[in-house]
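Just so you know, the protein sequences line up as chains V and B, in that order. If you read the first sequence in our numbering, its first letter stands for residue 1333, the second for the next number, and so on. If you read the second sequence in our numbering, its first letter stands for residue 24, the second for the next number, and so on.
Hints listed in this document are in silico derivations from the structure and should not be mistaken for laboratory results. Note that the structure is a prediction, hence the values are computed from the model and not measured. Quick reminder that beta carbons are idealized off the backbone N, C-alpha and C, glycines included. Possibly wrong hints are sitting among the right ones.
Pairwise CB distance ranges (calculated) [unchecked claim]:
1) 1459/V - 88/B: 50 to 60 Å
2) 1460/V - 85/B: 15 to 25 Å
3) 1460/V - 86/B: 14 to 24 Å
4) 140/B - 1398/V: 37 to 47 Å
5) 1439/V - 116/B: 44 to 54 Å
6) 128/B - 1465/V: 48 to 58 Å
7) 163/B - 1493/V: 24 to 34 Å
8) 97/B - 1400/V: 40 to 50 Å
9) 105/B - 1397/V: 39 to 49 Å
10) 1489/V - 116/B: 24 to 34 Å
11) 1476/V - 101/B: 37 to 47 Å
Here are the simulated lysine-lysine pairs, DSSO-like style, with alpha carbons at most 27 Å apart [stated by the list, open to error]:
12) 145/B - 1513/V
13) 145/B - 67/B
14) 1464/V - 163/B
15) 1422/V - 90/B
16) 116/B - 1422/V
17) 176/B - 163/B
18) 64/B - 36/B
19) 136/B - 32/B
20) 176/B - 1341/V
21) 163/B - 1341/V
22) 163/B - 116/B
23) 90/B - 1341/V
24) 1513/V - 1367/V
25) 1422/V - 1492/V
26) 93/B - 1367/V
27) 1367/V - 32/B
28) 67/B - 93/B
29) 93/B - 117/B
30) 67/B - 1367/V
31) 163/B - 145/B
32) 145/B - 1422/V
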Amino acid sequence: MSFVNYHTKEINCKIVYYGPGLGGKTTNLQYVYQKVSGDQKSQIISLNTENERTLFFDFLPLDLGEIRGFRTRFHLYTVPGQVFYEASRKLILRGVDGIIFVADSQVEKMEANLESLSGLEKNLSEQGYDIKTIPLVMQWNKRDLPNTSSEEELQKQLNKWNFPAYSAVARTGQGVFESLKMVSKMVLMNLRGGLSANPLT
Amino acid sequence: MNWEEYFKKFFGKETGKLGLKSCGLFVFREDGIPLYGNYEKLDKNSMGALMAGSWQAARALSNFIPKNGKDEIFRFSFDTSDRGIYILPFSIKKSSFIFGGIFHSEINPGQVKSRMRQILEKLLVEIDTVVEDITPKREKLLFNDISDREMDKIFSFERD
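The following block holds chain V by itself, in its conformation from the complex:
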């Protein structure tokens, strides 16, 4: 999706929060929204079920400042984590530039994390992406809970590719911006110069 407009000097990129249900993807987005101030503040869009579970996606456009003369805008999306929303996850992954995989650190959620990660790999592959090469950051969320797997265990089970990983408590904001900043940097460093730049004379 990345869209570099040389005329207006703008960069648009799409970052998707992926992971198992109730893992904290929407909480990440809500925390970012709370912390954005002033001119950068946009509307957060949530397509939820009646009980506040994500039905299709959450969306937050994030206007960042300029980097080397280019105004940067990140489009942050979450996918619905529940297993039966696979079709929606595939749609939201289209044109993705970077991913934050929000893993639930609780011991009993390891299987759900593995299933979600496997789904991500498959869905990316179906769309011509290779999980090994796409900008991706792992976030070990809910580190404040008592029954969590060790970070070493999460790393061993979920991060065979050795992506950057951050310990997080999305509810309080710990690790939220660290994860976002890292994936944003990886996305920007991955941008190719001429994408859809200036098609008209």
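Could you slot chain B onto chain V? The hints should help.
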């Protein structure tokens, strides 16, 4: 002239002619990136995400409809007798876009849709004469390196 300038010029001219005054018109890339919008009360980014999401979901649903062998172009419509949303897809060279309208207080929504289709037909005829090759040409990385300091700077909006 780039896409945004071109769409602004084109739609500014055409919407006035066709009298679509109570209709907000938008052009998005298929992934929701906004390229044009004439209704400033609505946030273009949010509109892009929702219209592109609706469009993609509807298109995915259409795959369940038995095919009749023809190469059909679907349109998306969600409306009452006087207000609604209408989305039309279009392609220029290898790029896909959606043209969306949100209208209200219309006596004849069918006419609004018809006018939107007319506008799009005209756009496709006109744009074909001005678009050059849009195949990405530059394969070099845009940024060779970005420092942590630069990243800190663009994330400096974070409130305590």
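Here is what the structure says about each hint:
1. 1459/V - 88/B: 50 to 60 Å: 23 Å, violated
2. 1460/V - 85/B: 15 to 25 Å: The hint (15 to 25 Å, Cβ to Cβ) holds, given that residue 1460/V and residue 85/B are roughly 22 Å apart.
3. 1460/V - 86/B: 14 to 24 Å: 18 Å, holds
4. 140/B - 1398/V: 37 to 47 Å: Holds - the Cβ-Cβ distance for residue 140/B and residue 1398/V, about 39 Å, lies within 37 to 47 Å.
5. 1439/V - 116/B: 44 to 54 Å: Cβ of residue 1439/V to Cβ of residue 116/B: about 52 Å, so the range 44 to 54 Å holds.
6. 128/B - 1465/V: 48 to 58 Å: Holds: the Cβ-Cβ distance is about 50 Å, inside 48 to 58 Å.
7. 163/B - 1493/V: 24 to 34 Å: About 25 Å separates the Cβ atoms of residue 163/B and residue 1493/V, which means 24 to 34 Å holds.
8. 97/B - 1400/V: 40 to 50 Å: 41 Å, holds
9. 105/B - 1397/V: 39 to 49 Å: 43 Å, holds
10. 1489/V - 116/B: 24 to 34 Å: Violated: the Cβ-Cβ distance is about 45 Å, outside 24 to 34 Å.
11. 1476/V - 101/B: 37 to 47 Å: About 43 Å separates the Cβ atoms of residue 1476/V and residue 101/B, which means 37 to 47 Å holds.
12. 145/B - 1513/V: 43 Å, violated
13. 145/B - 67/B: OK: residue 145/B and residue 67/B at ~23 Å, within 27 Å.
14. 1464/V - 163/B: Judged against 27 Å, a Cα distance of about 20 Å means the pair holds.
15. 1422/V - 90/B: 22 Å, holds
16. 116/B - 1422/V: 25 Å, holds
17. 176/B - 163/B: Distance ~24 Å between residue 176/B and residue 163/B Cα, so the pair holds.
18. 64/B - 36/B: Holds, at about 20 Å.
19. 136/B - 32/B: 21 Å, holds
20. 176/B - 1341/V: 18 Å, holds
21. 163/B - 1341/V: This hinted pair holds, its Cα atoms lying about 17 Å apart.
22. 163/B - 116/B: 23 Å, holds
23. 90/B - 1341/V: It is violated: about 43 Å lies between the C-alpha atoms, which goes past 27 Å.
24. 1513/V - 1367/V: Satisfied, since the Cα-Cα distance of roughly 14 Å is no more than 27 Å.
25. 1422/V - 1492/V: Holds. Residue 1422/V to residue 1492/V sits at ~23 Å (cutoff 27 Å).
26. 93/B - 1367/V: 51 Å, violated
27. 1367/V - 32/B: 37 Å, violated
28. 67/B - 93/B: Not OK: residue 67/B and residue 93/B at ~34 Å, beyond 27 Å, violated.
29. 93/B - 117/B: 21 Å, holds
30. 67/B - 1367/V: Holds, at about 22 Å.
31. 163/B - 145/B: 36 Å, violated
32. 145/B - 1422/V: Since the Cα atoms of residue 145/B and residue 1422/V sit roughly 34 Å apart, the hinted pair is violated (cutoff 27 Å).
Of the numbered hints stated above, those contradicted by the structure are hints 1, 10, 12, 23, 26, 27, 28, 31 and 32, listed in ascending order.
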